Amino acid sequence: MAPVKVFGPAMSTNVARILVCLEEVGAEYEVVNIDMQAKEHKSPEHLARNPFGQIPAFQDGDIVLFESRAIAKYVLRKFSKSAGVDLLREGDLKEAAMVDVWTEVEAHTYNPALSPVVYECLIYPAMRGVPTNQKVVEESLEKLKKVLDVYEARLSKHDYLAGDFLSFADLNHFPYTHYFMGTPHASLFDAYPHVKAWWERLAARPSVKKISANMPLKF
Amino acid sequence: MAPRKLYGMPLSPNVVRVAAALNEKGLDFEIVPVDLRTGAHKQPEFLALNPFGQIPALQDGDEVLYESRAINRYIATKYTEGPELLPTPSAKLEVWLEVESHHFYPHVSPLVFQLLIKPMLGGAADPVVVDKHAHELARVLDVYETHLAQNKYLAGDAFTLADLNHMSYLFCLSKTPKADLVASRPHVKAWWDDISARPAFQKTVAAIPFPPSA
Numbered sequence: 008m009a010p011v012k013v014f015g016p017a018m019s020t021n022v023a024r025i026l027v028c029l030e031e032v033g034a035e036y037e038v039v040n041i042d043m044q045a046k047e048h049k050s051p052e053h054l055a056r057n058p059f060g061q062i063p064a065f066q067d068g069d070i071v072l073f074e075s076r077a078i079a080k081y082v083l084r085k086f087s088k089s090a091g092v093d094l095l096r097e098g099d100l101k102e103a104a105m106v107d108v109w110t111e112v113e114a115h116t117y118n119p120a121l122s123p124v125v126y127e128c129l130i131y132p133a134m135r136g137v138p139t140n141q142k143v144v145e146e147s148l149e150k151l152k153k154v155l156d157v158y159e160a161r162l163s164k165h166d167y168l169a170g171d172f173l174s175f176a177d178l179n180h181f182p183y184t185h186y187f188m189g190t191p192h193a194s195l196f197d198a199y200p201h202v203k204a205w206w207e208r209l210a211a212r213p214s215v216k217k218i219s220a221n222m223p224l225k226f
Numbered sequence: 299m300a301p302r303k304l305y306g307m308p309l310s311p312n313v314v315r316v317a318a319a320l321n322e323k324g325l326d327f328e329i330v331p332v333d334l335r336t337g338a339h340k341q342p343e344f345l346a347l348n349p350f351g352q353i354p355a356l357q358d359g360d361e362v363l364y365e366s367r368a369i370n371r372y373i374a375t376k377y378t379e380g381p382e383l384l385p386t387p388s389a390k391l392e393v394w395l396e397v398e399s400h401h402f403y404p405h406v407s408p409l410v411f412q413l414l415i416k417p418m419l420g421g422a423a424d425p426v427v428v429d430k431h432a433h434e435l436a437r438v439l440d441v442y443e444t445h446l447a448q449n450k451y452l453a454g455d456a457f458t459l460a461d462l463n464h465m466s467y468l469f470c471l472s473k474t475p476k477a478d479l480v481a482s483r484p485h486v487k488a489w490w491d492d493i494s495a496r497p498a499f500q501k502t503v504a505a506i507p508f509p510p511s512a
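As given, the protein sequences belong to chains U and G, one line each in that order. All residue numbers for the first sequence refer to the numbering used here, where the first residue is 8 and numbers rise by one. All residue numbers for the second sequence refer to the numbering used here, where the first residue is 299 and numbers rise by one.
Please note: incorrect hints may appear among the correct ones.
Quick list of in silico lysine-lysine cross-link-like pairs, PhoX-like style, CA-CA up to 25 angstroms [to be verified]: (1) U/150 to G/430; (2) G/390 to U/88; (3) U/49 to G/430; (4) U/85 to G/340; (5) G/340 to U/153; (6) G/340 to U/150; (7) U/46 to U/12; (8) U/46 to G/430; (9) U/152 to G/501; (10) G/323 to U/101; (11) G/376 to U/88; (12) U/153 to U/164; (13) U/203 to U/216; (14) G/340 to G/376; (15) U/225 to U/164; (16) U/164 to G/340; (17) U/216 to U/85.
Since the hints were made in silico from the structure, they are not lab data. Just so we're clear, the structure is a prediction, and the values are computed from it rather than from any experiment.
Just chain G, same shape as in the assembly:
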């Protein structure tokens, strides 16, 4: 029996957010499928893990947690092997953890949904929604561009949870026609090229069941 169970769909970027952290720490885990298409996330068995009926949830021994960013803080705090993902002093790190949550995510998430996930479910991207969020994400990434011109990683000199929490959505974005939002910004691109080359992340993406590109 795997010591850790990560509940969710292996393609879901919020699930991959956690998988990326588990792999950085070199931890064994199994992904337990919760198929949103069949409404499994609203069934009592899953609601017992996350009463809000959302993926992911993580079971680590007798600890059950949900909210991918909270799960990642737990992993970073509990497991001391591998890179120090939540070093102190932490003020700047906390700022950029929040920036991911409140500036990056609100725009990258709908973009990835429209451009990647919806088509996989047989739907079509809504161009109005895509344009709106692409425009907003561009403005956000302009701030990142300035910041990353002064900082190798978001919290300073070292890779931390602030960088890691971006990776699943950055990966998905790179598979869409809006990949240029990153590719056109030299410091953001350099940062993404660096962090996506991490062996733990290579392992993470190898496990994502992407359908073959059209």
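Same shape as in the complex, but just chain U:
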């Protein structure tokens, strides 16, 4: 079986989202860099993979996909059984529903509160040479605190978000949280002991450690 291909820079959050799942299922893969500075993501060749001109994109034989969560699900559905891994819990309706709920929460509630801090503190200064917009950071941190209040309550009852089992929902939090820990606001998590402990459990996973190694916090 040929290795699957993930198109995009290895340090990109949404590329990492897929790579950590590939690592969890032990699938063979290749990362094909896309040169964002050279606008390769807007080239006709890449637009044929992702009509929105974004990274990541993915190829497995004839199958070409985009949208990192869709790609990650494809990977998990294809390789989980032979890997003895069950991160989607699709055999149990209630468990799968919880995985879906917390995957949506990451996408629509956690990430919108946390990612602006990552963009303002790390990405924009490095990529665009602009100073951090502190107002955006402050507003985002206020939103994030409210979100983490709910996470703290949830993780006080269960080791992981969907229940007492690691799932796709937890792994979806890794890439942006990894970079958040490289901002001056990482210590925010100290006020949420169960959230912090959950994050440390995730960060200690071999898959997460391996992919984090390609995601430098200073760039």
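Dock chain G against chain U, hints included.
Frame of chain U, contents of chain G only:
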């Protein structure tokens, strides 16, 4: 007692997203009002259902769920009657479920809020916000136009959850001055005309308490 309770405001497109799925599956449910204007969504009774204090939430027997897209996956998976909303193979379907969530929704939602919901609450649309999101939604719908020229439905030949998840916001958009974003794109328009004619959707919109048009 209805077996299923859908908590939220009957006008809210995220609530209607779920109502549309329940109707496609021919399921009985009641809408339990949670009036955002009185802050009911931040009261302990509702926070017990959705700790993030957002509508909708669904109670199905002893299962309580929130996040409309997660609720819809649950409905599509649990109930086998009616159309198969999550068929396999699912790779393309999953892509377009995510496209709705991350490309369509981020622009259609603020547009509908500014042009439809804000005026209902006595406010005025902000033209800067409207123009920005209309411009972005136009670019997104250009991608849909190309895709729907090759595909009858988003995931291919059959109607799936990927199409359904768009319908509540497409309906609301059609009630605004930006309806032309869809109407001006022949394949997007044909797709919308087809899916909005589905009997289950006709039933869904009949239940939306739209005020009479100005």
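So which of the earlier hints does this model not fit? Hints 4, 9, 14 and 15 are the ones this structure does not satisfy, whereas the remaining hints hold.
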